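Participant: Residues per chain are reported as follows:
Protein chains: 2
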Amino acid sequence: MSKIRIGIVGYGNIGRGVEAAIKQNADTELVAVFTRRAPESITVKTPNVKVVEIKDASKYVNDIDVMILCGGSATDLPVQGPEFAAMFNIVDSFDTHAKIPEYFEKINNAASAAKKTGIISVGWDPGLFSMIRMISGAILPVGNDYTFWGKGVSQGHSDAIRRVAGVKSAIQYTVPIDEAISSVRRGSNPELTTRQKHIRECFVVAEDGADKAKIEADIKNMPNYFADYNTIVHFITEEELKRDHSKMPHGGFVFRSGKSGFENENNHIVEFAIKLDSNPEFTGNVLVAYARAAVRMNKEASFGAKTVFDVPLSYLSAKSHAELIKELL
Amino acid sequence: MSKIRIGIVGYGNIGRGVEAAIKQNADTELVAVFTRRAPESITVKTPNVKVVEIKDASKYVNDIDVMILCGGSATDLPVQGPEFAAMFNIVDSFDTHAKIPEYFEKINNAASAAKKTGIISVGWDPGLFSMIRMISGAILPVGNDYTFWGKGVSQGHSDAIRRVAGVKSAIQYTVPIDEAISSVRRGSNPELTTRQKHIRECFVVAEDGADKAKIEADIKNMPNYFADYNTIVHFITEEELKRDHSKMPHGGFVFRSGKSGFENENNHIVEFAIKLDSNPEFTGNVLVAYARAAVRMNKEASFGAKTVFDVPLSYLSAKSHAELIKELL
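Residue numbers (the numbering used here), protein chains in the order written: chain D, 1 to 329; chain A, 1 to 329.
Only chain D is shown next, with the shape it has when bound in the complex:
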């Protein structure tokens, strides 16, 4: 069997995570990394992999079965997604929830016209968490969903702190509140405010001579990002930031608390939880499983945009259907 030939577009944290994931999957191989940077400035870990300027990607249409787009959702993917979906099967982790319907349409148009398959918004949220919300909601139509994120770094909130006057550097952890989780887990179907679900914990390096009290107040009162939460601000040194906060752990919980019975008299709790040492590597692993699915769906003439809701689960696996039934059903 020939291997699935993968290209990575964008060699940041997610791109490196995808590279590591490809190494774990014997039926996949990394062909090339595409970058906007000078190719000679990038050293990839996998032997015999080309580093190519992104503008030359079209030359690789016959060499790559699926492109994994590892750019950001704010500015990279809205442009790259439709462009690449017109040339390649693609998988991406587009995660701006509110804009997914619009993005889906754009990818669907580009991919359908080119007879390509594009699986969008793959990762853990959107992605695995969406799948659990969907499955458990279909099974328990009478019930409530709860999603908690963390403990983990929110890139958006960290960026927001860095824009505060007097802040040199910062990182923000989203921390789910144990009591809220316990309450959901024991089936009490609580109504939880934003403040009751998560704490925002900030580690801030202030510039020399900055007014720390003002920085703290500016962060805590920031609308949308912090004002609706209990926020904790710690001031630390640049060395501490580097030493204690350079890993990228994350995690979270999805619950469905639902009822069954003729009079809805019985309670059921479905819980899905992940605890990740490395958010970008785990996301990379999810992307590679869906890259396998994209290639297979394309071979079966299932063109256009897809989401995790559209992919039969067996397509994620390198195992045969008979093996899956025998070993895992």
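Hints are supplied without guarantee of correctness; some may be wrong.
No copy labels: a pair is met if it fits in one copy or bridges any two.
As the list claims (entries may be wrong) - Below 30 Å or equal to it, Euclidean Cα-Cα: the simulated DSSO-like pairs (lysine-lysine) are:
no., residue 1, residue 2
1, Lys326, Lys197
2, Lys50, Lys3
3, Lys326, Lys299
4, Lys299, Lys106
5, Lys220, Lys50
6, Lys214, Lys23
7, Lys319, Lys106
8, Lys197, Lys319
9, Lys23, Lys151
10, Lys115, Lys319
11, Lys99, Lys319
12, Lys326, Lys247
13, Lys115, Lys45
14, Lys319, Lys212
15, Lys319, Lys220
16, Lys106, Lys326
17, Lys45, Lys326
18, Lys214, Lys99
19, Lys326, Lys151
20, Lys115, Lys326
21, Lys23, Lys242
22, Lys99, Lys326
23, Lys23, Lys3
24, Lys326, Lys50
Calculated from the structure, these hints are not laboratory results.
These figures come from a predicted structure and were not determined experimentally.
Please build the complex by placing chain A on the supplied structure of chain D, with the hints as guidance.
Facilitator: Same frame as chain D, but now just chain A:
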């Protein structure tokens, strides 16, 4: 939109669970219950539902979109499954793991020839647990699976106790061992023996004058069922059995403990847990969601036997694709 017309074959615990689930799903309706018992001996809860002898089922091929087979896996389904799959779209909860490949083939032959769709082995294990094992294994190919069941009643083990001389009635709970679960959850990838994963707790009503010490020894030493476990035997009265042990709670946990990174240096834990007040009702809810999928796959000419690995998740939901993307992705 016309409703999905469902028939129930076998009106035991699961059949009644399916009936209650249909009531929760506005796009489904129960048309008839098929039984081997005298139809007049059965009163269903839903108004205007026929109770029909099972041998007359073939008269309903134009009135029912999907049959949910609620018989047992030991003797009912091996006969009923292929028979009904030759006439109807079906969904069942066949759960004899070792015989699933053989059963799949039989359903596949019958359903394919009749251009029907049969989704087999639906429920929570096999079913939801299988899906989580498959997804998480595809995402984290370097890692270990762990499945724990309970606390809940094992029908097979309860039956085995009832066959012991001197036992009038009995029920057996499978109880996962907290320390084993904690060890898996913290990522220590333990090698667990059968004895280290579950306790077997038995509540036994002895016949008058029976030798309780001998009953206890007979249970604890029973090969396959109890000998490999730490087993606790409680003797109780018939009244206590009825009062304290007539509900059918169950639950369980599936874990994938896996690694990522170029040198497999980062750890990830994926956990799926369910806690059910009523095992048969929850199973009924899962079956109805897959009944919806069976009808849709059949309309799309996807014939033959299917498993939870083959069904796109969106097919389980009454919501439109656009709603799913907007609300749940």
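Participant: Could you run down the list of hints and mark each one as holding or not?
Facilitator: Here is how each hint holds up against the structure:
no. : hint             : verdict
1   : Lys326 to Lys197 : between (41 Å within a copy, 22 Å between copies)
2   : Lys50 to Lys3    : within (17 Å within a copy, 55 Å between copies)
3   : Lys326 to Lys299 : both (25 Å within a copy, 28 Å between copies)
4   : Lys299 to Lys106 : both (22 Å within a copy, 28 Å between copies)
5   : Lys220 to Lys50  : neither (46 Å within a copy, 63 Å between copies)
6   : Lys214 to Lys23  : neither (48 Å within a copy, 58 Å between copies)
7   : Lys319 to Lys106 : between (32 Å within a copy, 22 Å between copies)
8   : Lys197 to Lys319 : between (39 Å within a copy, 27 Å between copies)
9   : Lys23 to Lys151  : within (28 Å within a copy, 39 Å between copies)
10  : Lys115 to Lys319 : both (26 Å within a copy, 27 Å between copies)
11  : Lys99 to Lys319  : between (34 Å within a copy, 19 Å between copies)
12  : Lys326 to Lys247 : neither (38 Å within a copy, 32 Å between copies)
13  : Lys115 to Lys45  : neither (33 Å within a copy, 51 Å between copies)
14  : Lys319 to Lys212 : neither (56 Å within a copy, 50 Å between copies)
15  : Lys319 to Lys220 : neither (50 Å within a copy, 39 Å between copies)
16  : Lys106 to Lys326 : between (40 Å within a copy, 15 Å between copies)
17  : Lys45 to Lys326  : neither (36 Å within a copy, 38 Å between copies)
18  : Lys214 to Lys99  : neither (35 Å within a copy, 68 Å between copies)
19  : Lys326 to Lys151 : between (37 Å within a copy, 26 Å between copies)
20  : Lys115 to Lys326 : between (34 Å within a copy, 25 Å between copies)
21  : Lys23 to Lys242  : within (28 Å within a copy, 57 Å between copies)
22  : Lys99 to Lys326  : between (40 Å within a copy, 9 Å between copies)
23  : Lys23 to Lys3    : within (12 Å within a copy, 48 Å between copies)
24  : Lys326 to Lys50  : neither (39 Å within a copy, 38 Å between copies)
Hints 5, 6, 12, 13, 14, 15, 17, 18, 24, counting from the list given before, are not met by this structure.
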